[in-house]
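Asks: One letter stands for each residue in the lines below.
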Amino acid sequence: MNYPQFLELLGWLATLTFATSGALLAVQKRFDLVGIFVLAGVTAVGGGSIRDLLVGSLPPQVFRNESVIWAVLLISLLVWRFYGRVSRLDRPIYYLDTVGLGLFAALGAERGLTFGLGFWGCIFAGTVSGVGGGILRDVLAGEVPGVFYRNRDLYASAASAGALVVFIIYKFFPSLAALALLLGATTTIALRLSSRWLGLRLPTPKP
Amino acid sequence: MNYPQFLELLGWLATLTFATSGALLAVQKRFDLVGIFVLAGVTAVGGGSIRDLLVGSLPPQVFRNESVIWAVLLISLLVWRFYGRVSRLDRPIYYLDTVGLGLFAALGAERGLTFGLGFWGCIFAGTVSGVGGGILRDVLAGEVPGVFYRNRDLYASAASAGALVVFIIYKFFPSLAALALLLGATTTIALRLSSRWLGLRLPTPKP
Amino acid sequence: MNYPQFLELLGWLATLTFATSGALLAVQKRFDLVGIFVLAGVTAVGGGSIRDLLVGSLPPQVFRNESVIWAVLLISLLVWRFYGRVSRLDRPIYYLDTVGLGLFAALGAERGLTFGLGFWGCIFAGTVSGVGGGILRDVLAGEVPGVFYRNRDLYASAASAGALVVFIIYKFFPSLAALALLLGATTTIALRLSSRWLGLRLPTPKP
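Protein chains in written order, with full-length UniProt numbering: chain A, 1 to 207; chain B, 1 to 207; chain C, 1 to 207.
If you're looking for bench data, these hints aren't it; they were derived computationally from the structure.
Just so you have them, the derived chain B footprint on chain A, three or more residues with Cβ under 8 Å:
1. 30 to 38
2. 63 to 69
3. 131 to 143
Keep in mind that this is a model prediction, so the values were computed, not measured. Beta carbons: idealized from backbone N, C-alpha and C, even for Gly.
From just these sequences and the hints, can you work out the full model?
Replies: Here it is as structure tokens:
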């Protein structure tokens with residue numbers, strides 16, 4: 001397995017983990033089967049689709065390569081059928097979700113660069129790729145989007161930091177471009193894990 | 001009245017029914033007059049506009065033929081003025097809404113095909129045309145989008161099934177293309193009505 | 001300072017005021033630092049970005065001139081650091097917000113005209129430019145979008161009226177085009193202020 005294949009494999013893992021988290025929430029909210037599929041799909045591909053909308057690349061990527069949707073359908077059926085067992089997989093899901101966040105953020109920032117966005121455009125494209133699906137999931141399920149909410153592990157900010165690393169490498173160290181995605185994703189993953197393991201938090205002001 | 005005119009008439013009826021359902025919710029939520037108009041409009045044309053955004057057909061159709069917005073304005077004024085009487089029209093509104101769902105889903109799937117979307121793209125374009133307006137309506141009114149929620153009549157899934165029928169006919173039975181819209185819409189309507197009359201439900205897993 | 005510079009200055013003031021209102025809500029909701037920045041940014045540029053999405057001008061303006069985002073970052077840091085003092089500035093923030101609403105609505109309507117939208121398209125472009133950011137802010141913070149809600153000062157409707165004035169002047173009094181923005185903005189501001197000072201309200205029907 002070479003390097004691009006390895007990245008693609010990780011990208012798939014990320015998508016499927018995000019789909020699983022959407023499907024699990026849908027079951028908790030007692031959505032029916034189609035609702036589970038929709039929430040799983042929105043969580044998995046929503047972030048990338050918002051990014052594609054913003055850079056003007058329409059229709060979004062997901063509708064040009066639909067194999068990912070078939071995979072989301074499979075995940076939805078599995079979660080529906082084996083809810084009890086899947087929902088006990090907290091820990092592996094957490095780690096896959098972290099890897100997914102890192103990869104989506106790095107790939108989103110790269111896509112922003114491809115479409116000629118500037119500094120904040122790339123940060124935004126990376127961050128929204130990473131966290132947009134989760135935000136749509138929470139809004140559709142009637143919850144405050146957890147991504148901003150108080151006192152959690154670093155999440156959106158970890159994605160932003162990864163996108164920032166990708167941007168900096170492409171702009172200032174083009175000789176390292178081959179490594180940009182990997183370094184960006186690693187940054188996001190490292191930040192999120194250190195926030196879990198070391199209790200690292202962003203400051204929250206008192207109102 | 002020939003067949004295209006008949007379809008267009010139904011399409012108008014569908015739009016106006018959706019507008020009515022938005023306006024009624026706005027009155028219940030004590031929105032003011034502009035809020036009623038906005039919620040009616042979003043419900044009536046929101047689904048089609050999300051679809052147009054996704055296929056990259058901008059500005060959305062509604063801004064190229066604005067007569068529909070004048071009609072929504074009229075509906076809003078009527079609902080505002082005659083709230084009591086309109087809100088008692090539950091049953092006819094339910095049937096018109098069902099017809100509207102079927103027509104929007106079929107027309108949305110056809111539009112997806114026109115713009116070169118694949119299988120899931122067409123299903124999505126059809127479904128979001130049918131249910132997108134209602135989702136926006138619920139989010140803007142601060143409710144969990146009822147479309148996914150537990151134990152209701154088939155709704156999003158009925159729309160998806162209708163879009164599926166349109167897709168299959170266009171792809172595999174092109175000689176029947178003239179009937180595709182009608183058969184798709186009929187599928188959606190039949191599924192929704194049988195869910196109401198026969199208690200047909202999608203399975204909802206227990207969390 | 002000439003007239004275009006004066007308008008641009010007001011536009012900046014408007015953006016910064018909107019950013020401040022987003023940042024203040026984020027602090028009240030106990031968002032962390034990144035959440036504050038995101039909510040401030042969405043409030044400041046969300047309306048204009050929805051408008052750009054709808055007219056098909058992608059990527060949105062904000063990603064082509066990023067200085068506004070740096071300013072939003074600065075505002076977020078200031079609100080975070082000086083929350084107590086900023087939150088007591090109710091009254092100046094209210095007036096700046098009113099000026100901002102008027103300017104955004106007028107500028108949005110003009111942009112709609114530039115992209116060839118018709119009557120309702122321009123009204124919508126103007127209104128969504130003015131109030132879209134606040135709607136996104138409220139949805140992301142888990143609140144019913146205050147913009148529609150009962151018994152408040154005129155807000156969305158004031159923005160629509162301003163956009164209407166811009167549209168009418170451009171279409172029917174082209175010789176006054178240079179004044180269109182100013183007259184539109186003034187209409188919005190005058191309506192909102194008279195609703196505050198005189199208790200002017202839109203009718204709200206009883207459900």
